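From first to last, the protein sequence lines stand for chains A and B.
Following full-length UniProt numbering, the numbering of the first sequence begins with 1 at its first residue and continues without gaps.
Following full-length UniProt numbering, the numbering of the second sequence begins with 1 at its first residue and continues without gaps.
Hints in this document: simulated from the structure, not taken from any laboratory.
This one's a predicted model, so the numbers in the text were calculated from it and none came from an experiment.
Beta carbons: idealized from backbone N, C-alpha and C, even for Gly.
Take the hints with a grain of salt, since some may be wrong.
Claimed, not checked - Here's a subset of chain A near chain B, in silico, CB distances under 8 Å, partners left out:
1) Ala77
2) Leu78
3) Arg96
4) Ser112
5) Arg131
6) Ala223
7) Val226
8) Leu251
9) Leu253
10) Pro256
11) Ser301
Claimed, not checked - Non-contacting residues of chain B with respect to chain A, defined by C-beta distances greater than 10 Å in every case (computed):
12) Thr52
13) Ala54
14) Glu99
Here's the letter readout for the chains.
Protein chains: 2
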Amino acid sequence: MVAGEGARRKAEARSPDGAVKVTITEIAREAGVSVPTVSRVVNGRSDVSPATRARVEDLLHRHGYRRRPAAPGTKAALLDLVFNDLDSPWAVEIIRGVEEVAHEAGVGTVVSAIHDRAGAARQWMTNLRARASDGVILVTSALEPGLHDELRHLGVPLAVIDPAGRSPVAEAPTVGATNWAGGMAATEHLLQLGHRRIGFIEGPPRLLCSRARLDGYRAALDAARVAADGDLVVPGDFYPESGFVGAGRLLDLPEPPTAIFAASDQMALGAIEALRRRGLRVPQDMSVVGFDDLPEVRWSSPPLTTVRQPLSDMGKLAARMLLDLARDVEPAAPRVELATELVVRASTAPPRRA
Amino acid sequence: MVAGEGARRKAEARSPDGAVKVTITEIAREAGVSVPTVSRVVNGRSDVSPATRARVEDLLHRHGYRRRPAAPGTKAALLDLVFNDLDSPWAVEIIRGVEEVAHEAGVGTVVSAIHDRAGAARQWMTNLRARASDGVILVTSALEPGLHDELRHLGVPLAVIDPAGRSPVAEAPTVGATNWAGGMAATEHLLQLGHRRIGFIEGPPRLLCSRARLDGYRAALDAARVAADGDLVVPGDFYPESGFVGAGRLLDLPEPPTAIFAASDQMALGAIEALRRRGLRVPQDMSVVGFDDLPEVRWSSPPLTTVRQPLSDMGKLAARMLLDLARDVEPAAPRVELATELVVRASTAPPRRA
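Can you make the complete structure from the sequences, with help from the hints?
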């Protein structure tokens, strides 16, 4: 059976371990409001006064209330997939994975971008209440703390893809990729080809995944007893232009590298263009490795050697966790990193003989 | 006020010109069912027998019924954005545009892929009913005829982006791009550079946009009094591999072209890779032009000369039309083509002197 409005409104108060703790009737009595009013708050309706909503949400939270565990066989109707920005080809990979799982379960995938702006995030939260979403998947999202609290009070199940830092909601399950191992694999590949001076273009340092890739790069150099040279690490922000600029900085060093490992595919494409403009060929004059394995880099010129992040699988897994949570099934493993994999194509080769 | 369930269920029967024609009570009487049953059908609920649903939908359709014109100031809660596949970077461009407009209006954007398979489309239709979506945007979608009829019967407003052929629902507004003018502009650019043998890699012939781009190419050749050579037109399917193969076929001609116009950016990237593998440089040995202006081609090597399709603006306009329709406002112009624009970058140059 597909959940109609009836099923979407059904709700019981449960403690975090899944046992029914209080009924909505008890919450209503304690708050001094009607049962339909509690139900309206539970379902994120807007026709409740702010004071009443705050009182009821506080009680729901204090009683460890968990929203609408659907009866067995019923299906949630909507999940929210939230990006900071919809400006990267990797967003579509994650959407594809989430949509595939949600679609099969009869659940719609609502895609939103909050643009790192408080106003847009606030609007999204209002919309989320209005549509009584059954769960939220945040992608590398740094929601402001006030919104974390609201999400927790709403009691909507939450999962996080590619956590930017500590999970914004402590109890939310997270799905990431083995960024450290991927950074190490890419660097080992270049070392095995004979490179010793390997440049690294970083991601934004506030993201955990950036730090993990950098540490993987350093660990591989260490293991090969190659001294790390701080000049060979230049900043980037995952976007192509920063790869273009970063590669330029590396080429301008008194002793430039013979290979560049960029912490994202998009920066690797920017780096390749910087090399082309200086008349340098990839891989004959310089090897380049990326990170992500976006579909388009199979067709870059040359096709890019990169570290595959299973973005679509990450989306699938997060969606499955969320659908489980919506049925009050705790995920078996709430902190998961899916394996990355080195994909060797045509942008890497042994260093040119000096 | 944000629409709660109450507003989402409110519905009146209207004729296509917006005048109230029959009430739900009259439909119920004529169908021999209760008013709540008609309401359940109108709202796509699943708890109605198939026979009753069919009878009621038939009556609603015969009376020119239009679903839920929201009261002024209320907002629709959800719109559905439907792709055949979520496998192309241009999908994210359209999603971005639709989401931006929907988000501002307090409306969630539900993204789905129906994979050109009847089963998935059927499941989507079931989900659509269950979530009582306020409108549907189809992207280049060839829904099977049975589903067109169901959509029409459901009375959900519909808009089509980049219509694949005749509009699947005759009265639905469409948003496209000036494909013919774009094909002409790309070809004129190559002619002005001095090219006379210009290869063309086609899109799928069943899509109107493919045909329009090809006709634009031919029109530009005609206008310049350059004889069209049928060997210079090779098939493709918009994906990179077909550009790779198509470029190979053009290069194998007894008299190969000096420039290639690919009807999509992804095919242009495939063509550039085919040239690289044969040791040919772009643009020194061969010029290449694409179509779309995906964000990534700013950073292809070399950056691609292409025809910009305003994909994100197309998404925005379709979303606006749909939100208008949901408020029973007919779009001022129901068939719109947004202007394409030639963007000259580094992949085109005069032909090499023989």
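| field | Closest C-beta approach of Leu253 of chain A to chain B relative to 8 Å, hint status | value | violated, 22 Å
| Does the interface hint hold: is Leu78 of chain A within less than 8 Å of chain B, judged Cβ to Cβ? | With a closest approach of 6 Å, the Leu78 of chain A hint holds.
| How about Pro256 of chain A: closest beta carbon in chain B under 8 Å, or not? | Pro256 of chain A check fails; min Cβ-Cβ to chain B is 19 Å, beyond 8 Å.
| task | Go through the hint on Ala223 of chain A and say holds or violated, using the shortest Cβ distance to chain B against 8 Å. | result | Cβ of Ala223 of chain A sits 32 Å from chain B, so the hint is violated.
| query | Does Arg131 of chain A meet its interface restraint, that is, does its C-beta lie within less than 8 Å of any C-beta in chain B? | reply | holds, 5 Å
| said: Is the claim that Ala54 of chain B lies outside the interface with chain A correct, judged by CB distances over 10 Å? | reply: holds, 18 Å
| Ser112 of chain A as chain B interface residue, shortest Cβ-Cβ below 8 Å | holds, 6 Å
| With a cut-off of 8 Å, does the beta carbon of Ala77 of chain A approach a beta carbon of chain B closely enough for the hint to hold? | Holds, about 5 Å.
| field | Given as non-interface: Glu99 of chain B, which should sit over 10 Å from chain A by C-beta | value | violated, 6 Å
| field | 10 Å Cβ clearance of Thr52 of chain B from chain A | value | holds, 15 Å
| request: Verify the interface restraint on Val226 of chain A: the C-beta must sit less than 8 Å from at least one C-beta of chain B. | output: violated, 29 Å
| field | Proposed interface contact between Leu251 of chain A and chain B, which counts if any beta carbon pair is under 8 Å | value | Result: violated, 15 Å to nearest chain B Cβ.
Hints 6, 7, 8, 9, 10, 14, counting from the list given before, are not met by this structure.
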